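Peer 1: These are the residues of each chain, in order.
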Amino acid sequence: MNLTFKNKRVTGILTVVPAKEVRFEDEMGNYNFTREQSVKLQKIMGFGAHRIVDDGTCVSDLAVFGLNHLIQNGQLKKEEIDALIFVTQTPDFMMPATSFIVHGALGLRHDVYCLDINQGCAGYLVGLQQAFLLTEQANINKVVLVNADILSRKVNKRDRNSFPLIGDACSITLIEKGSGSEQPVYSTIKIDGGNSNVLTIPAGGMRLPSSAETAIEEQDEKGNIRSKDNLVMKGDAVYNFVMMEVPPMIADLHELAGKEISDTDYFLFHQPNKFMLQKLADKLKVPYAKMPFNVVEHFGNSSGVSIPTAITFNLAQELRSQEYTVCLAGFGVGLTWSSMLLKLGNLDFCEMINY
Amino acid sequence: MENFKSKIAEILEVDSVNDTDVLTDFDNWDSLSSLSIIAMIDTDYSLNMSAEKLVSFNTVGELEQFVKANGK
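If you read the protein sequences in the order shown, they are chains W and H.
Everything in the first sequence is counted per the working numbering, starting at 1 for the first residue and increasing by one.
Everything in the second sequence is counted per the working numbering, starting at 1 for the first residue and increasing by one.
If you are wondering where the hints come from, they were derived from the structure by calculation, not from laboratory data.
Please note that a few of the clues may not be correct.
[As the list claims (entries may be wrong)] Restricting the straight-line Cα-Cα distance to at most 30 Å, the calculated cross-link-like pairs of lysine-lysine (DSBU-like) are:
#1 K343/W <-> K274/W
#2 K6/W <-> K53/H
#3 K228/W <-> K274/W
#4 K72/H <-> K279/W
#5 K72/H <-> K234/W
#6 K7/H <-> K274/W
#7 K234/W <-> K154/W
#8 K190/W <-> K234/W
#9 K68/H <-> K283/W
#10 K234/W <-> K43/W
#11 K157/W <-> K343/W
#12 K77/W <-> K72/H
#13 K5/H <-> K259/W
#14 K343/W <-> K5/H
#15 K228/W <-> K7/H
#16 K259/W <-> K343/W
#17 K68/H <-> K343/W
#18 K72/H <-> K190/W
#19 K7/H <-> K40/W
#20 K279/W <-> K53/H
#21 K7/H <-> K283/W
#22 K72/H <-> K283/W
#23 K343/W <-> K78/W
#24 K40/W <-> K5/H
#25 K157/W <-> K5/H
#26 K222/W <-> K7/H
#27 K274/W <-> K53/H
#28 K6/W <-> K290/W
#29 K285/W <-> K7/H
#30 K154/W <-> K279/W
#31 K5/H <-> K279/W
#32 K259/W <-> K72/H
#33 K5/H <-> K43/W
#34 K53/H <-> K40/W
#35 K190/W <-> K53/H
#36 K43/W <-> K7/H
[Stated by the list, open to error] Now the stretches of chain H that chain W is said to cover, found in silico as 3 or more residues with beta-carbon under 8 Å:
#37 29-40
#38 45-51
Note that the structure is a prediction, hence the values are computed from the model and not measured.
Ideal placement from N, C-alpha and C gives every residue a C-beta, glycine not left out.
Use the sequences and the hints to build the structure in full.
Peer 2: Quick look at the structure:
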């Protein structure tokens, strides 16, 4: 599905990452892989250090910390927040929604539209799309989009397939009505619910509530250990899906916007690992300098939050003083694949802080 | 297509491979080498192969024949 938005502005991006850094070298012993195999895996996938929350830390903790940082620095005023969108797959509770928790913790006024969205690797894009739609309302000028995930708490530490790449993070993005002179934002989204079993956490919902039985750890045919309470990803299927769907999506997006791929300054994609991003850059014939793939190496893959992490880690200074044509893309759980072409820059803030 | 065999050999870290070699018998056959082969076939032959499809081929020769017939 193609989407177009007019008169919208992204005015600031903040990323909050846990201060705790864990190095792949220190975790190799957890995996059913020889040291040689692990070193090879590290080199190809680009594993270095990843940021992990302490047990007990929740997404709302990261979000409130980040929002208070902006409020204290005068970059956000509580009374200006008209809507609060919280995109996460790791909410504090099944109910109430995490946006309500944040609303309460900050003491926001009652006149705020709060919404939680259960989305993953494409969640940052879905959140932006919803924020843009909300600003169509006369009474909604400023939307706070929070995208946060702490999936490390749901991935088994002995799952070599997923744990080395996982990272926790939270991002806060401000979206406002434009002044009327903005170029339209072009976006696409597609869903394949028939393959929703490619990325799942089998237990913990109403279909299979968590129990002593779902906590039992088992080893798969590749030597990965996990329980039904843990995240399970069919890595090979994800690879095939991404290589099949993402390159044509980016081509279609540029066609929709009437632009050439070579006109786009940066390709700020979800960060699954270095290997997949390099393959995507090769297929799209995009120089590596235009497509950062260093997030997994330094922070880990924080699902949808890896996009704002890539932005604030690589382009913080540039985006505060200049404007670029950027192509965003997210692809994963759902399966969902989504893209967006927009002008991004002259931001009021663009930074990264530790929790 | 000797290039195909030399690339398979490189991924599996052996000097050379033959048509009759069984893929899963290589010491370095694991989830990573399997993904590396899938990626190589995609890059060099524009063929997006699933992991299940890859392991349906018993030998290097059978895989090469399929890739040659179906890839670009």
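Peer 1: Compare the structure with each hint and give your call.
Peer 2: Evaluated hints:
1. Note on K343/W and K274/W: the hinted pairing holds, with a Cα-Cα distance of about 25 Å set against a maximum of 30 Å.
2. Restraint check for K6/W and K53/H: the C-alpha separation of about 45 Å exceeds 30 Å, so the hint is violated.
3. Under the criterion of a C-alpha separation no larger than 30 Å, the hint pairing K228/W with K274/W is consistent with the structure, at around 28 Å.
4. For the hint pairing K72/H with K279/W, the CA-to-CA distance comes to about 17 Å; that is within 30 Å, so the pair holds.
5. Note on K72/H and K234/W: the hinted pairing holds, with a Cα-Cα distance of about 27 Å set against a maximum of 30 Å.
6. For the suggested pair K7/H and K274/W, the alpha carbons sit about 21 Å apart, so the restraint of at most 30 Å is met.
7. Pair hint K234/W plus K154/W holds up; C-alpha atoms about 16 Å apart against a cutoff of 30 Å.
8. The straight-line distance between the Cα atoms of K190/W and K234/W is roughly 20 Å, inside the 30 Å bound, and the hint therefore holds.
9. With a CA separation close to 20 Å, the supplied pair K68/H and K283/W stays within the 30 Å bound.
10. Proximity of K234/W to K43/W is assessed by CA-CA distance (about 21 Å); at most 30 Å being required, the pair is judged to hold.
11. Under the criterion of a C-alpha separation no larger than 30 Å, the hint pairing K157/W with K343/W is inconsistent with the structure, at around 40 Å.
12. With a C-alpha separation of about 57 Å, the suggested pairing of K77/W with K72/H is violated against the 30 Å cut-off.
13. Restraint check for K5/H and K259/W: not satisfied, since their Cα atoms lie roughly 40 Å apart, outside the 30 Å limit.
14. With a C-alpha separation of about 46 Å, the suggested pairing of K343/W with K5/H is violated against the 30 Å cut-off.
15. For the given pair, K228/W sits about 38 Å from K7/H by alpha-carbon distance, which is inconsistent with the 30 Å threshold.
16. Between K259/W and K343/W, the direct Cα distance comes to roughly 13 Å. Compliance with the 30 Å bound is thereby established for this hinted pair.
17. Restraint check: the Cα-Cα separation between K68/H and K343/W comes to about 44 Å, which exceeds 30 Å; the hinted pair is violated.
18. Between K72/H and K190/W, the direct Cα distance comes to roughly 27 Å. Compliance with the 30 Å bound is thereby established for this hinted pair.
19. For the suggested pair K7/H and K40/W, the alpha carbons sit about 16 Å apart, so the restraint of at most 30 Å is met.
20. With a C-alpha separation of about 20 Å, the suggested pair K279/W and K53/H falls inside the 30 Å cut-off, and the hint holds.
21. Pair hint K7/H plus K283/W holds up; C-alpha atoms about 19 Å apart against a cutoff of 30 Å.
22. Proximity of K72/H to K283/W is assessed by CA-CA distance (about 15 Å); at most 30 Å being required, the pair is judged to hold.
23. This hinted pair checks out: K343/W and K78/W have alpha carbons roughly 26 Å apart, not beyond 30 Å.
24. Taking the CA atoms of K40/W and K5/H, the gap is about 21 Å. The hint holds against a cut of 30 Å.
25. Using a Cα cut-off of 30 Å, the hinted pair K157/W and K5/H is violated, with the two alpha carbons roughly 36 Å apart.
26. In summary, the hint linking K222/W to K7/H is supported, as the alpha carbons are separated by about 23 Å, within the 30 Å threshold.
27. Between K274/W and K53/H the CA atoms are separated by roughly 24 Å; this keeps the pair inside 30 Å, and the hint holds.
28. Proposed proximity of K6/W and K290/W is supported: the alpha carbons are some 26 Å apart, at most 30 Å.
29. For the hint pairing K285/W with K7/H, the CA-to-CA distance comes to about 22 Å; that is within 30 Å, so the pair holds.
30. Among the hinted pairs, K154/W with K279/W is consistent with the structure: their alpha-carbon atoms are about 28 Å apart, no more than 30 Å.
31. Proposed proximity of K5/H and K279/W is supported: the alpha carbons are some 21 Å apart, at most 30 Å.
32. Taken as a hint, the K259/W and K72/H pair is honoured in the structure, with Cα atoms around 28 Å apart against an allowance of 30 Å.
33. Using a Cα cut-off of 30 Å, the hinted pair K5/H and K43/W holds, with the two alpha carbons roughly 23 Å apart.
34. This hinted pair checks out: K53/H and K40/W have alpha carbons roughly 24 Å apart, not beyond 30 Å.
35. As the CA atoms of K190/W and K53/H are separated by approximately 25 Å, the hinted pair is consistent with the 30 Å bound.
36. Distance hint between K43/W and K7/H is fulfilled; the C-alpha atoms sit about 18 Å from each other, no more than 30 Å.
37. Counting residues of the stretch 29-40 of chain H whose CB falls under 8 Å from any CB of chain W gives 8; the rule of at least 3 is met.
38. With 4 residues bearing a CB less than 8 Å from a CB of chain W, the stretch 45-51 of chain H meets the requirement of three and the coverage assertion stands.
Checked against the numbered hints above, the structure violates hints 2, 11, 12, 13, 14, 15, 17 and 25; every other hint is satisfied.
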